[in-house]
Amino acid sequence: MSDLPRPEALFANIDYTPPKADWMDVPVEIKPGRYCYAANPDSVNYVGLPHARKWNPLDDDWKLPENWQEIIFNGLRERLQKYRSFKIFMDICVRCGACADKCHFFIGSGDPKNMPVLRAELLRSVYRGEFTTFGKILGRFAGGRKLTPEVLKEWWYYFFQCSECRRCSVFCPYGIDTAEVTIIGRELLNLLGLNIDWIATPVANCYRTGNHLGIQPHAFFDMIDFFCDDIEDITGIRPEPSFNKKGADILFITPSGDVFADPGTYTCMGYLMLFEYLKREYGLDVTWSTYASEGGNFGFFTSHETMKRLNSKMYMEADRLGVKWILGGECGHMWRVIHQYMDTLNGPEFQHSRMEVPSNPITGTVFKNAASTKMVHIAEFTADLIKHGKLNLNKKRNANIHLTWHDSCNPARGMGLLDEPRFVAKSVVEKFTEMPEGTIREQTFCCGGGAGLNAGENDELRMMGGLPRANAVKYVHDKYGVNMLGCVCAIDRAVLPNSMQYWVPEVDVCGLHELVANALVFPGEKERETDLRGEDLPGMEDE
Amino acid sequence: MKALYSLFLVFALAALALVGAGALGMEKAFGLYIPFLAVAVFVVGFCMRVVDWGKSAVPFCIPTTCGQQESLPWIKQSTIENPSTTGGVVMRMLLEVLLFRSLFRNTKVDLHEGTRVTYSSSKWLWLGALAFHYSFLTIVLRHMRFFTEPVPGIIAGIEAMDSMLQIGAPTLYLTDVVFVAAVTYLFVRRVVVPQIRYISLVQDYFPLFLILGIAFSGIFMRYFAKVDIISVKQLAMGLVTFSWVVPEGIGVMFYIHMFLVSVLLAYFPLSKLMHMGGVFLSPTRNMNCASRKFRHINPWKFENVHYHTYEEYEDEFREKMVDKDLPVDKPLAEGAE
Ligand code: SF4
Ligand code: SF4
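Heads up: the protein sequence lines correspond to chains A and B, in order. Note that our numbering has the first sequence beginning at 2, numbered continuously upward. Note that our numbering has the second sequence beginning at 859, numbered continuously upward.
To be clear, the hints were calculated from the coordinates, so they are not data collected in a lab. Note that CB positions come from ideal geometry on N, CA and C, so glycine has one too. If a hint is listed, it holds; no wrong ones were tucked in.
Think about it this way: if two alpha-carbon atoms lie no more than 25 Å apart in a straight line, the pair counts; the simulated DSS-like pairs of lysine-lysine are: (1) A:280 with B:1182; (2) B:934 with A:432; (3) A:246 with B:1182; (4) A:147 with B:1130; (5) B:966 with A:21; (6) B:860 with A:147; (7) A:21 with B:860; (8) A:369 with B:934; (9) B:966 with A:114; (10) B:1130 with A:83; (11) A:480 with B:966; (12) A:246 with B:1188; (13) A:247 with A:325; (14) A:83 with B:913; (15) B:1188 with A:325; (16) A:114 with B:860; (17) B:1178 with A:246; (18) A:154 with A:137; (19) B:1151 with A:388; (20) B:934 with A:427; (21) A:114 with B:1130; (22) B:1159 with A:83.
These stretches of chain B come out as covered by chain A in the derived footprint (C-beta under 8 Å, 3 or more residues): (23) 922-929; (24) 957-971.
One chain only, chain A, in its complex shape (with noise of 0.2 Å):
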């Protein structure tokens, strides 16, 4: 983050006054700091997927292939045709800007385009001008415009400036999700070879080995290992996870960002050791898999074709280990895709006789809205144990911590989860704010971690999208003393912290299942004194 500027000039900077120009005649402007560098070929090519080549954003040429025009307009004829959505949103926007300052990237940087009517303006405007009859009579006076090299140019650089996060679409009169425009957007980019490298290499890598960042069974569990090391250290007790194992009970799929990344990590400690407190408990078997190890999908910033096909390892894994049903760890777009995809893409033909409706065997919850899928989420799941007393907590270890709640967004509003996490959260913690109306559940801001994650190239527009949410932090730390967001999301927790660390250095990120271990009192465990960070327990701390 070196050449970023410091809080308060990037903040001084924000205009919200557009040029005086008209937005077809400002050309697009490629920043850097606001952009991720191109698709490594390989990984293009390892998933198939056309027209793999070296080619910079930053050069004049980006070798397209000859007839490109000609396979947008295919591609974008054929999206017509595949989706209602898209159609229906290309046609009726009334341009009447309730989804304009709703952005969190237009909040942070005052670009207009990043306004998401404008955003999705940029392809309509293609759309009208050569597919509907008005615009290809009257061109630019019925707001159409022809396909350029410019044109796709600002695309690539708007479309991968959405996190498809759906927030303009909760205010839109029509429920015009500019997410869903921007998804087939990228479907179109995808067709030209033009991705980014921090989504198509994590898409190869999840193809390969199952997870994003390509760990290869042994390693992965290494890593597991290593974690139940330190929890033998901080507890006195060793989890015993398993793996790929035939007939347990359940299968557990998180993302992969939990088992490699700080604060994420603490996170999966918490899920080993919750399921260890469950076996010893309760004698619940539940099984780890290192082929279907990742939950995030990176195919659902890609294709929704590349969605399916990393979608299907889970059924797949959940079908050949025999379990009854899966638990799904906490993951954003993971969740988007379980609840709103995964049974149409992957439905019965993947999901064979043995898996059941799940049903928690400790408290006898039937969970029925998943009746279908046949997946919970660990929110609901751990929600469940603590409504019917199951777990023995003491919130006393979590007393240096004072809580809120950040609404991660493709589980808040691709699938309504507000109420579980915060009922766990609420039972781990003593001190417990919510941020201000308006910031938070279906209104939640993203974490504006966008298409670039975690990449260090792109922090500038990182840390503009984070803004929204960290002024609320902001808000409740100065107001109330807030020193912790939670989060169910690994995409938060990988982008979160940086953008805490610029905005308001004094709060730090977790995850729920954290604060659930810290909190969980295993019977003949050692006396704790030290958290899962290593951190000096309150009235533990070393004279």
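Following the hints, position chain B with the ligands against chain A.
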């Protein structure tokens, strides 16, 4: 500029009617043929658009959820904002279509000293849109008295309510006032708010001016030019009963009004005004949010999708797996062949 174009266009249309129906005496064209044609274009065009949308598939269940999901029995579900039953979806749609629920949520962002951002509730757009659409609806319904004989009680009732204040003669309709105010607001907003001006196209200004033109010509006719209502009704009744007559001396203002309405009708299916039909078809709002509970079927199939199977995976990593005592399906020796 775009606003001026649109204004000019509407003036040109009005002038066309003025010359056509006035100086050139083409009353039949402007009173009968054009309106008839416009209605036909409207009806056929509207249906074609909706059918065209309907032909596109709804492959995935992608509603935006705006509240708590159906979950554990003791967690209170937001049954309207995150519906898991058809009843809930219907309620959600009704609130959206009748009360503009999403616009009601609207907020406005502001920047302050230091690094502070605030959001405040902003209901003007909601109010303006609601006032506009409901007064428009009332006016359309009120006009039905020209096309019906006898006039149904409900329409007479609406009219009576609308002229409640009994101001002037003919009595002032409240909706006329609200309508003009609302359209004016929607227009002023487009010009004054920089962001909205930036995103506005000719197609955004044009319908506003057209509608304003229709309103003004109507008001002018009723309160100032005082066209002959009896003849107007005669013409309107003739139109709907297909016994086309053009009574003498209706006054050119009427033809201008009628022509602008015709243009609006014909323009409707070609434009963003189709949001009227589209709002019902928006998958992010009209779908059930219980997609983990009920399977949604995609009508088209993905072609040639290759999966990375467990066998392929184990073949690549078997040795490393065995090394860590991870279970494998095939023993090492066999896999090495
Ligand atoms: S809120 Fe909806 S209709 Fe209004 S400008 Fe945004 S996308 Fe268009
Ligand atoms: S980032 Fe979120 S709010 Fe912004 S345009 Fe994309 S989906 Fe809408």
